[in-house]
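Based on the sequences and whatever the hints tell you, model everything.
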Amino acid sequence: MPLVAGIDCGSGFTKALVAAQDAPGSELRILGRGRARSGINVDQAAEEALEQALAGNARSDLNYIAATGFGRYNLNFRDIAITEITTAARGAFFLFPRAGAVLDIGSQTTRAIAVKDNGRVNTFKSNDKCAAGSGMFIARAAKYLEVPLEQVGNLSLHAAHAHPISSVCAVLAESEIINHVSSGVSVEDILRGIHDSLADRAGALLKRVGLKDELTFIGGVAHQQGMVRALEQRLNVKVNVAEDCEYVCALGAAVLGLRRLASRN
Amino acid sequence: MRIAAGVDVGSTQTKAVLIGANGDGVKVLSRSLIDTGANVRKAAEKAFDECCQAAGIAQADVGFVVGTGYGRYNISFGHTQMTEISCHARGAHFLCPGTRTVIDMGGQDAKAIGVGPSGEVLDFVMNDKCAAGTGRFLANAAEVMGLGLDDIGPLSLRATRPVKIATVCTVFVESDILSYLSQGKKPEDIMGGVHLAIAKRTMSLARRVNIEPLVTMTGGVARNIGMVRALESVLGQKIIVTPDAQFMGAVGAALFSLEKLGESFESSVWREHAVSSGD
Numbered sequence: 001m002p003l004v005a006g007i008d009c010g011s012g013f014t015k016a017l018v019a020a021q022d023a024p025g026s027e028l029r030i031l032g033r034g035r036a037r038s039g040i041n042v043d044q045a046a047e048e049a050l051e052q053a054l055a056g057n058a059r060s061d062l063n064y065i066a067a068t069g070f071g072r073y074n075l076n077f078r079d080i081a082i083t084e085i086t087t088a089a090r091g092a093f094f095l096f097p098r099a100g101a102v103l104d105i106g107s108q109t110t111r112a113i114a115v116k117d118n119g120r121v122n123t124f125k126s127n128d129k130c131a132a133g134s135g136m137f138i139a140r141a142a143k144y145l146e147v148p149l150e151q152v153g154n155l156s157l158h159a160a161h162a163h164p165i166s167s168v169c170a171v172l173a174e175s176e177i178i179n180h181v182s183s184g185v186s187v188e189d190i191l192r193g194i195h196d197s198l199a200d201r202a203g204a205l206l207k208r209v210g211l212k213d214e215l216t217f218i219g220g221v222a223h224q225q226g227m228v229r230a231l232e233q234r235l236n237v238k239v240n241v242a243e244d245c246e247y248v249c250a251l252g253a254a255v256l257g258l259r260r261l262a263s264r265n
Numbered sequence: 001m002r003i004a005a006g007v008d009v010g011s012t013q014t015k016a017v018l019i020g021a022n023g024d025g026v027k028v029l030s031r032s033l034i035d036t037g038a039n040v041r042k043a044a045e046k047a048f049d050e051c052c053q054a055a056g057i058a059q060a061d062v063g064f065v066v067g068t069g070y071g072r073y074n075i076s077f078g079h080t081q082m083t084e085i086s087c088h089a090r091g092a093h094f095l096c097p098g099t100r101t102v103i104d105m106g107g108q109d110a111k112a113i114g115v116g117p118s119g120e121v122l123d124f125v126m127n128d129k130c131a132a133g134t135g136r137f138l139a140n141a142a143e144v145m146g147l148g149l150d151d152i153g154p155l156s157l158r159a160t161r162p163v164k165i166a167t168v169c170t171v172f173v174e175s176d177i178l179s180y181l182s183q184g185k186k187p188e189d190i191m192g193g194v195h196l197a198i199a200k201r202t203m204s205l206a207r208r209v210n211i212e213p214l215v216t217m218t219g220g221v222a223r224n225i226g227m228v229r230a231l232e233s234v235l236g237q238k239i240i241v242t243p244d245a246q247f248m249g250a251v252g253a254a255l256f257s258l259e260k261l262g263e264s265f266e267s268s269v270w271r272e273h274a275v276s277s278g279d
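Residue numbers (our numbering), protein chains in the order written: chain H, 1 to 265; chain C, 1 to 279.
Source of the hints: derived by calculation from the structure; they are not laboratory data.
Just so you know, nobody snuck in bad clues.
For each label pair, taking beta carbons as the anchor points, the in silico distance ranges come out as:
no., chain 1, residue 1, chain 2, residue 2, range
1, C, Asp-151, H, Gly-210, 46 to 54 Å
2, H, Asn-122, C, Gly-184, 36 to 44 Å
3, C, Tyr-73, H, Asn-76, 55 to 63 Å
4, H, Lys-116, C, Ala-38, 49 to 57 Å
5, C, Asp-150, H, Arg-260, 48 to 56 Å
6, C, Ala-38, H, Ala-160, 22 to 30 Å
7, H, Asn-76, C, Arg-41, 54 to 62 Å
8, H, Arg-29, C, Asp-150, 54 to 62 Å
9, H, Ile-40, C, Lys-164, 12 to 20 Å
10, C, Arg-41, H, Asn-122, 53 to 61 Å
11, C, Asp-151, H, Lys-212, 53 to 61 Å
Straight-line alpha carbon distances no greater than 25 Å define the calculated SDA-like cross-link-like pairs of lysine to any residue that follow:
no., chain 1, residue 1, chain 2, residue 2
12, C, Lys-42, C, Asp-61
13, C, Lys-185, H, Arg-37
14, C, Lys-200, H, Val-168
15, C, Lys-129, H, Ser-182
16, C, Lys-46, H, Ser-175
17, H, Lys-125, C, Ala-166
18, H, Lys-129, H, Thr-86
19, C, Lys-164, H, Ile-40
20, H, Lys-143, C, Ala-139
Using N, Cα and C, we set each Cβ at its ideal position, and we do this for glycine too.
Below, the structure is given as structure tokens:
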């Protein structure tokens, strides 16, 4: 029984997923997941995440380790490095094979990927030059609003009237947000305005790669229900969100790792 | 002596300047500088009050007050408002005669202004989307490095091998800096790279106006010698900086005040005349 790990070395967090294939040709079975703050040492974060993902299985039983994400080349104990665009497409295809587009919002990057009907990447557009439209924008806003990041999605969902935000820059948004607060706008309405603005930016990227009627939303920000609602309403599409949305790239890496392992044997 | 004031309510700091005019000419009498904070109206009042105290002049003796800067409409005591673009151009024309281009780097904005021969605005560009090139960017970079804002400029001048900074995003540069620190790069080389990246970014913005000499730098970032030198190296010409660079907007506003004061004197004379002739 081959055992593979996919490790996604992101800029914020390192995510590991361990999966097994019970018989040749059978579907992959996920055994465990784990994550750790990336910090400076990629190997150390990956060890920590992998330890959790192994869920009691022995490290020595692992047959293959596929690394992906921003820090993949800094992971020394990898068997292969795969771009996070390829793994995002593959992981999303594994979970939702009908969706032709993937939106990945991580802490520092927003990506729109068009996926072929075989799970390969057709084309992609990425915004990684600045924090506008990224998870970091929301994290900063939450900080200015003194709201724990975990509560952002739910608060936004309960907005009465989304209050638009005009700042694109995560830093310049601070004074705008403070002005909104001091003029009595509710935290819920401000957060929903931020989600709407991010949804519009993501929509512009998605339209450039080609968005049809179904979208798979991955990355840590996909946990925020307000963001999911904003995407559904502003883009008028079905939005799929996996329960473990931040592990989709790690999953894609595991799927591709398994395939590579099979071709090697 | 006619006394006029300019109050520049910036996003980060509020500046006030008093100028006086008599037969000998026009001169700056006093300045004040305070943090704007959350209460813009109060900041403006406090800056004006401190400025009057510094000159030993009663507020009632100040003939006219012009407000400028992003918070200019929140000034309770101002007689009128002017944009900071006009004020920086006017101030630079007065304090640095011959200025044809102003590069203004403030707390949250970066601007380039083309200035005409009599201090009028010919053209301008500004950042409106991004904090790159602003004081906020440099303050953030200093904070990540655990350095004071006043220390990073001189430090950057000691760089021998400036690092390459790929992003000018204020948020992302934090992780760039941390990764260079973890690689053991020297603080001066990191700061050298940061200043150079911002200078390039600012000059690419500034080149959208016609850059003519003399080039004068204004705004709080002009206090940063590293930024001035980095801009000079990218631009390939000397940049003029006066000790009053940070007060340039307020000086310009005060000059406009003085003009208004002249106008109102004249118009009151004219009104008296009109009334008497009506009799």
